[in-house]
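Visitor: The listed protein sequences derive, respectively, from chains A and B.
Mapping the first sequence onto the numbering used here, position 79 (from 1) lands on 79, and the numbers just tick up by one.
Mapping the second sequence onto the numbering used here, position 357 (from 1) lands on 357, and the numbers just tick up by one.
These are computed hints drawn from the structure, not numbers from a lab.
Note that CB positions come from ideal geometry on N, CA and C, so glycine has one too.
A few of these clues could be false.
Claimed, not checked - Facing chain B, according to a computed beta carbon distance under 8 Å, are these residues of chain A, among others: (1) S277; (2) D342; (3) F368.
Unchecked claim - Restricting the straight-line Cα-Cα distance to at most 20 Å, the calculated cross-link-like pairs of lysine to aspartate or glutamate (DMTMM-like) are: (4) A:K224 x A:E29; (5) B:K271 x A:D371; (6) A:K398 x A:E329; (7) B:K181 x A:E29; (8) B:K271 x A:E440; (9) B:K286 x A:D447; (10) A:K341 x B:E288; (11) B:K223 x B:D240; (12) A:K366 x B:D228; (13) A:K484 x A:D467; (14) B:K286 x A:D265; (15) A:K419 x A:E253; (16) A:K341 x A:D264; (17) A:K366 x A:D376; (18) A:K306 x B:E288; (19) A:K398 x B:D28; (20) B:K271 x A:D347; (21) B:K271 x A:E207; (22) A:K321 x B:D28; (23) A:K419 x A:E436; (24) A:K249 x A:D376; (25) A:K198 x A:D176; (26) B:K286 x A:D376.
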Amino acid sequence: MKLELRNITKRFGTLTANDNISLTLEPGEIHSLLGENGAGKSTLMNVLYGLLQPDEGEILIDGASVKFNGPGDAMAAGIGMVHQHFMLIPVFTVAENVVLGNEPTSKLGSLDLEKARALVKEISDRFGFQIDPDAKIQDLPVGAQQRVEIIKSLARNAKALVLDEPTAVLTPQETDELMDIMRGLAKSGTSIIFITHKLREVQQVSERITVIRQGKVVASPSPKASASELASLMVGREVDLNIKRKPPKVGAETLVIRDLTVLDDRQHQMVDGVSFSVRDGEVLAIAGVQGNGQTELAEAILGLRKIHSGSIEVAGRDLTKSTVREVLEAGLGYIPEDRKKDGLVGDFTISENLMLDGSYAPPFAKGFEIDFANRDRIAEELIAEFDIRTPSATTLVKQLSGGNQQKVVVARELGRELKVLVASQPTRGVDVGSIEFIHEQIIAARDAGKSVVIISTELDEVLALADRIAVMYRGRIVGIVDSKATREKLGKMMAGIAA
Amino acid sequence: MSAKKASNVSQIQEDRVNSVLREIMAGDPVRIALSVLLGFFIGAIFMVVFNTDVVKSWSNFGADPNLALSTVWWTVQDGYGALFTGSVFNLSAGSFVEGIRPLTETLRFAAPLIMAGLGVALTFRVGLFNIGATGQIMMGLAGATFISTRTHMPIILHMLVAVLAAIICAMLWGVVVGVLKARTGAHEVIVTIMLNYVATSLFTYLLREPNLLLEANGAGTPKSDNPDGTARLGRLLGPDFNLHYGLIFAILAVFAYWWLMERSTFGFRFKMVGHNASAARTAGIKVENTFIWALAISAAFAGLAAANQGLSVDGGLTASIEAGIGFDAITVALLGGSRAGGVVMAGLLFGAFKAGSATMQVSGVSPEVLGVVKALIVLFIAAPPIIRAFYRLPSPSIKIIESAQKAKAAKVVS
Chain A
1 MKLELRNITK
11 RFGTLTANDN
21 ISLTLEPGEI
31 HSLLGENGAG
41 KSTLMNVLYG
51 LLQPDEGEIL
61 IDGASVKFNG
71 PGDAMAAGIG
81 MVHQHFMLIP
91 VFTVAENVVL
101 GNEPTSKLGS
111 LDLEKARALV
121 KEISDRFGFQ
131 IDPDAKIQDL
141 PVGAQQRVEI
151 IKSLARNAKA
161 LVLDEPTAVL
171 TPQETDELMD
181 IMRGLAKSGT
191 SIIFITHKLR
201 EVQQVSERIT
211 VIRQGKVVAS
221 PSPKASASEL
231 ASLMVGREVD
241 LNIKRKPPKV
251 GAETLVIRDL
261 TVLDDRQHQM
271 VDGVSFSVRD
281 GEVLAIAGVQ
291 GNGQTELAEA
301 ILGLRKIHSG
311 SIEVAGRDLT
321 KSTVREVLEA
331 GLGYIPEDRK
341 KDGLVGDFTI
351 SENLMLDGSY
361 APPFAKGFEI
371 DFANRDRIAE
381 ELIAEFDIRT
391 PSATTLVKQL
401 SGGNQQKVVV
411 ARELGRELKV
421 LVASQPTRGV
431 DVGSIEFIHE
441 QIIAARDAGK
451 SVVIISTELD
461 EVLALADRIA
471 VMYRGRIVGI
481 VDSKATREKL
491 GKMMAGIAA
Chain B
1 MSAKKASNVS
11 QIQEDRVNSV
21 LREIMAGDPV
31 RIALSVLLGF
41 FIGAIFMVVF
51 NTDVVKSWSN
61 FGADPNLALS
71 TVWWTVQDGY
81 GALFTGSVFN
91 LSAGSFVEGI
101 RPLTETLRFA
111 APLIMAGLGV
121 ALTFRVGLFN
131 IGATGQIMMG
141 LAGATFISTR
151 THMPIILHML
161 VAVLAAIICA
171 MLWGVVVGVL
181 KARTGAHEVI
191 VTIMLNYVAT
201 SLFTYLLREP
211 NLLLEANGAG
221 TPKSDNPDGT
231 ARLGRLLGPD
241 FNLHYGLIFA
251 ILAVFAYWWL
261 MERSTFGFRF
271 KMVGHNASAA
281 RTAGIKVENT
291 FIWALAISAA
301 FAGLAAANQG
311 LSVDGGLTAS
321 IEAGIGFDAI
331 TVALLGGSRA
341 GGVVMAGLLF
351 GAFKAGSATM
361 QVSGVSPEVL
371 GVVKALIVLF
381 IAAPPIIRAF
391 YRLPSPSIKI
401 IESAQKAKAA
411 KVVS
């Protein structure tokens, strides 16, 4: 099946999300769609999947124009979509999930699970997926769940698959397996649109690349292009992906964590006897696949989550039982992993967000009243210092781009006297330009003698920033290695294999 | 992983509910004004459809279409004209003093609505849907009545102590809600509804107690003595007008509310919790304690409304002195967008309804029309799509798609 998107334009009010985009998907081809957040990738795919109607342009299948009024039409035409967040029912088996919405029935109209099972087995064997049709989804690892999603599409005779950021939740090994699966599918004639922002994966697997920037196709580079070239195309200017840093000048151990155990809301042990220490002037990165206890660890350090056992010390002071405010006042800066939920108040202005955790005391307060003059002065200073791109300090934070929102958080936390900085996913959902800037700021904090902890699921980020790397797996630290560790070694550790 | 996803789904649904509630409680001025307009318009339809003159003239529409149409016009004009005469200025009055009296009556009725409305507005800003003003007013009435009928003090001091007693009693009632919410997670809507029942019955119970609030030489029905002259809220503009010092308290309350919410660090904390409790917690704020404080301060405003009622009566009071203020306060807060200025405007509108309903009745229009208008206004505010559809306003769905896509994009990169 040859799929063509021809001159697609989609506008939302004054915003043109897709501006005259054309894209061709040949049979059996892996075509990567590369672009920053907000470049228009998701809009384009929603148009293709019938979730949005284009204002101009058309979709052609094998040369014939088609119109999709909803995902049902797109599926019927042979287009399958694997969303980043899986659409699976955890307590159902693989076979049940695969046929859901399209159930085979016996002559009497009852559900024919045998047929479903055979279907899953046939597809799984054909592509070497190794999926047991009777396994419950909740018992499968994430990589296998993703394969179930792919089977779901194939079971409906999808000839073109859209994979939306499929590697975000995978370990490096699982990512490699997915790449193999993609190649196998392509060989058998299924074409794939691969949406991602990870340059390494694009280089590995694509036959063609289309780069989108600000709603327009800006280039179709060769898959042999270097990572820096691809990044520059994505951002629209020269990008240096390598951060220059001096060797660390380490000082005293300022953050010391001993035998820390933390439970989540359902009383599951999410952090299990973790110990580490961070010295002034170094960056310790905590790597690992999402959901292995990093969130709970960060929340416990801040005092948001109760500590079950163990201890946390900052500069010799025990903070195990401290409130969040006491921890902040002890000199800990905190960048939460989900800035919208935990880091910012979207309906507040930038200047208000910059005083979120200090509004009760000078310089932000004068007695019981807010010191508006100081608030505005500090906001102007931080906006300039941290390069927050905004029309004014009174702009609502929710109107800023992800990168600028994150700079507000970084500015607030680094804008006061710190001993320790704990940053979770400091560049998640942030454009490449802002990533560069935020990384520079973090390294600057380290060079200024602060103890820095980076919690990141992005191996590239970990390798770019860390002086030492601790890998977390199922609530435990598998090992702590220095920054010269190879990707392969870290990948194994992320899967729980001790170094 | 899978369970985490399931919780994500419910999280999204919860977010949607919260964002709708927040839209309703925050209130956009244009939408509110349009709601008021539409409420009056539908109220006019009610007046017309159930008016016998109109029905008669329309049955002869073929013979005299002009009469049919003009009857409609005059009916509406009579009805809302009477509302104006009864609440703003009486054009046919003999003297200026007579003419201006309706306006002072509007102010008198508006004062307690504004004070209680500010209280409810405060909790809205903290993200709490507090409907407990009724109960807090009842408790405030108990405090004010006890001080004003059972103790004796010099003039003014007596009044101030009675007002203070009303505030403290109401606050204690508010704190109960806050503590239940903070410590047990009980939802404030259910807690406040139930505590309203408790407080109303408790107040009547106290009114029956000879040692507490029951009148000295009464027939045994639950009714209090008249407040001591020293504790009464005196008349503000002399004996010609009923307007009393409650208005001054209302004005002070408006300024206090404005300072608290717009200038003080407490207000900043309240708003932070209201907009994003999770971020507030991460910023070191004890969200549960903030709920308790907000409900306590909110109840203090309700206590002021109680004092206004309890210290201005003639001839003793019963539980009916509350006069639906606690419930109207919710409407006033919604209508006022929870802002100081908005609450004043909404309180004046509802005060005018109360002041003008008698005149309306005299002119032959059932004042219940105003009840319909009031209820419809709230309904329209609570259901923004109705107003958008009626006035063909642009739907915010474009924004929703955009922000949903942005939110998705933010999640995708990891």
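Visitor: Now tell me, hint by hint, if it's right for this structure.
Guide: Structure-based check of each hint:
With 8 Å as the threshold, the beta carbon of S277 of chain A stays out of range of chain B, its nearest partner Cβ sitting at about 24 Å, so the hint is violated. Using the Cβ-Cβ criterion of 8 Å, the hint placing D342 of chain A at the interface with chain B is satisfied: the shortest such distance is roughly 4 Å. With a cut of 8 Å, the hint placing F368 of chain A at the interface with chain B holds, because the nearest CB-to-CB distance is about 5 Å. Only pairs whose Cα atoms come within 20 Å are accepted, and K224 of chain A paired with E29 of chain A is accepted, the gap being roughly 16 Å.
The suggested pairing of K271 of chain B with D371 of chain A holds, with an alpha-carbon distance near 17 Å, which does not exceed 20 Å. Pair hint K398 of chain A plus E329 of chain A does not hold up; C-alpha atoms about 27 Å apart against a cutoff of 20 Å. Only pairs whose Cα atoms come within 20 Å are accepted, and K181 of chain B paired with E29 of chain A is rejected, the gap being roughly 58 Å. For a cut-off of 20 Å, the pair hint linking K271 of chain B to E440 of chain A is broken: about 33 Å separates their Cα positions.
Restraint check for K286 of chain B and D447 of chain A: the C-alpha separation of about 34 Å exceeds 20 Å, so the hint is violated. A hinted pair counts as satisfied when its Cα atoms are at most 20 Å apart, and K341 of chain A with E288 of chain B qualifies at roughly 18 Å. Between the alpha carbons of K223 of chain B and D240 of chain B the distance comes to roughly 28 Å, so the proposed pair goes past 20 Å and is violated. Restraint check for K366 of chain A and D228 of chain B: not satisfied, since their Cα atoms lie roughly 43 Å apart, outside the 20 Å limit.
Between K484 of chain A and D467 of chain A, the direct Cα distance comes to roughly 9 Å. Compliance with the 20 Å bound is thereby established for this hinted pair. Pair hint K286 of chain B plus D265 of chain A holds up; C-alpha atoms about 18 Å apart against a cutoff of 20 Å. Distance restraint check for K419 of chain A and E253 of chain A: the Cα-Cα separation of roughly 11 Å lies within the 20 Å cut-off, and the hinted pair is therefore satisfied. For the suggested pair K341 of chain A and D264 of chain A, the alpha carbons sit about 18 Å apart, so the restraint of at most 20 Å is met.
Of the supplied pair hints, the one linking K366 of chain A and D376 of chain A holds, its CA atoms being roughly 14 Å apart against a limit of 20 Å. In summary, the hint linking K306 of chain A to E288 of chain B is supported, as the alpha carbons are separated by about 16 Å, within the 20 Å threshold. Annotation: proposed proximity of K398 of chain A to D28 of chain B holds, straight-line Cα distance about 18 Å (limit 20 Å). Taking the CA atoms of K271 of chain B and D347 of chain A, the gap is about 10 Å. The hint holds against a cut of 20 Å.
Between the alpha carbons of K271 of chain B and E207 of chain A the distance comes to roughly 52 Å, so the proposed pair goes past 20 Å and is violated. About 43 Å separates the Cα atoms of K321 of chain A and D28 of chain B, which puts this hinted pair outside 20 Å; it is violated. Using a Cα cut-off of 20 Å, the hinted pair K419 of chain A and E436 of chain A is violated, with the two alpha carbons roughly 23 Å apart. Simply put, K249 of chain A and D376 of chain A have alpha-carbon atoms about 36 Å apart, too far for the 20 Å limit, and the pair is violated.
Straight-line distance between C-alpha atoms of K198 of chain A and D176 of chain A comes to about 13 Å, which keeps the hinted pair within the 20 Å bound. A threshold of 20 Å between alpha carbons decides the hint, and for K286 of chain B with D376 of chain A the separation of about 26 Å lies outside it, so the pair is violated.
When each numbered hint is compared with the structure, violations occur for hints 1, 6, 7, 8, 9, 11, 12, 21, 22, 23, 24, 26.
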